[in-house]
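Asks: So the protein sequences, as listed, match chains A and B.
For what it's worth, the working numbering labels the leading residue of the first sequence as 1, then goes sequentially.
For what it's worth, the working numbering labels the leading residue of the second sequence as 1, then goes sequentially.
Everything labelled a hint here was simulated from the structure, so no lab data went into it.
By construction, the Cβ of each residue, glycine as well, lies at the ideal position given by its N, Cα and C atoms.
It cannot be assumed that every hint is accurate.
What the hints assert, rightly or not - Here are some of the chain B residues that sit facing chain A, going by a computed Cβ distance under 7 Å:
1) E70
2) L121
3) M193
4) E196
5) A199
6) E260
Chain residues, written in single-letter form:
Number of protein chains: 2
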Amino acid sequence: MRGEVLLMLRRQPGGYVSGEEISRRLDVTRTAIWKHMQALKQDGYDIEAHPRLGYRLRGGPDLLLPAEIEAALTTRRLGRSVAYFRCVESTNNEAKQLAAAGCPEGQVVVAEEQSVGRGRLARGWFSPFARGVWFTIVLRPPFSPQEAPKCTLLAAVAVCGAIRRATGVACGIKWPNDILYEGKKLVGILTEMSAEMDAINHVVIGIGINVNIAADDFPPELRSLATSLSLAAGRPLPRLAIFAAVLEELERVYDLALAEGFGPVLAEWRAASVTLGRAVDVSGPGRRFSGTALDIDDDGALLVATAAGVERVLAGDVSIRTPERKE
Amino acid sequence: MRGEVLLMLRRQPGGYVSGEEISRRLDVTRTAIWKHMQALKQDGYDIEAHPRLGYRLRGGPDLLLPAEIEAALTTRRLGRSVAYFRCVESTNNEAKQLAAAGCPEGQVVVAEEQSVGRGRLARGWFSPFARGVWFTIVLRPPFSPQEAPKCTLLAAVAVCGAIRRATGVACGIKWPNDILYEGKKLVGILTEMSAEMDAINHVVIGIGINVNIAADDFPPELRSLATSLSLAAGRPLPRLAIFAAVLEELERVYDLALAEGFGPVLAEWRAASVTLGRAVDVSGPGRRFSGTALDIDDDGALLVATAAGVERVLAGDVSIRTPERKE
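With the rest of the complex left out, here is chain A:
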């Protein structure tokens, strides 16, 4: 409801919307409208109330507030319930708790900042305040636990497509699910699941998108590895539009997998990949080798041609050998 109020103010840029009109269009009392305006002001919106002309939006904070998300989204199921935090340890941890407590499919946990943002295998994820899109979505797919790794490829397809569409930045996917721009990481994805042996309880997909982070803002140890959309595009970019595009793409690709299986999703993954055809180094668990990335198989495993034959990689880290690194 607050999102709809915001939307009415937005659609009248610079102009006034009368309380009477809002009351009529949304079928709520004037008192309720007044309360929504107070809440929006508390969230940092600059709203002018004129006794005769009504309400006017003069500006808002650059935050991913639930009302903004509600106003921006065109999805049917994903992101229709949002838990918002200014700062949280890890959106994945919050989402896992909500999922265990029975939240609906499509529940989103979004935070302006993560104090202990997590990447794969207990690595950290740099998540400064309001400089990225840090969120987790809960899915309850009817897939088997063996198919779960493909959910993470699915997420990469959605995020890569959404970023290209919303920003024009020509990013690509490194197996399994990092999004790179010119060899540096733009997005990290951490997928976790709760499952019985033959059925998934839920999957949480944590997505961290570096949006407006300057080169100097990254910790020194990340500067050669990470980049941001603003660095790639040469201008600040709107976090909300990117977030909405990602949720829309996620819904499209998830619905595709539900309707037709993973075949079309894996085809999109191949098309967006920057790994296939490249010389790669594979490390862990328990092995280390180099070769050429050939393809992914039906399980989402990476197939790597080596001197000893084709190796199948389902776990571990894959790094792409750049010509520079070869020197």
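Could you slot chain B onto chain A? The hints should help.
Replies: Frame of chain A; chain B shown alone:
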């Protein structure tokens, strides 16, 4: 510590143990001993305190209290931390919360009764007060999520072996992890995991053992399907000894898998199976067929010979055709 006090009383059956001796052997003050005795009395132990002779245990409740478990266990890691409940909705749910909060490997959640005991795929599990061993154990195995189904075979091997050893009841394993006696279910196991795509966060293994349940105590719809150890043995059986034997076997088999991989565990599974070589009906997900159970493969999948060839079963229900049912 309370377990050690209990053990000293137990080792002096019918006789007195002086407070002085307990104080010396356990290196605690007389006041501390007095507090332990009060706590044991509150738990239902009948302890006589004689001003000159000391303490004497006249009887105890038939409960799986942490002090009893501590006194009975010979394991190194498993069951060394116990969360005890008289009644809980589901020990798996409690264990998942403890695991997410970082409890140690081997943490056990035990309840005298489960109000919403769960079996696989949201089915129920009948768990009446103090009539069975209803517990869940938390493991943090270094296996990949793809290997998790083998943890459930591992649990079945341990429980089947422990029951045979502790009670003499000649039970067997139905794929993947039900323990049967004369075709009826003695034990159900529900294994759940939390995992990243290439690493397990934790596995919780819920084990429900029907110990002292009379035929009439089962709900009517279960009477043709379920049985108990007391029915099989023709006498009441000690829950604590069975529980301790299961934890000891679990530790042995888990250590075996950690040291040598799943090969030896799968061999033990085959030896304890009542499924292999039998005519079986397989149902779901999305298929239904009959055939002869041949073997399990390295992933723990059941291989079933059918007219159309060998089918590989990783999910779903397998029922064994008895001669009676064939008629």
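Asks: Find the hints from earlier in the document that the structure breaks and name them by number, from lowest to highest.
Replies: Hints 1, 6 contradicted; others consistent.
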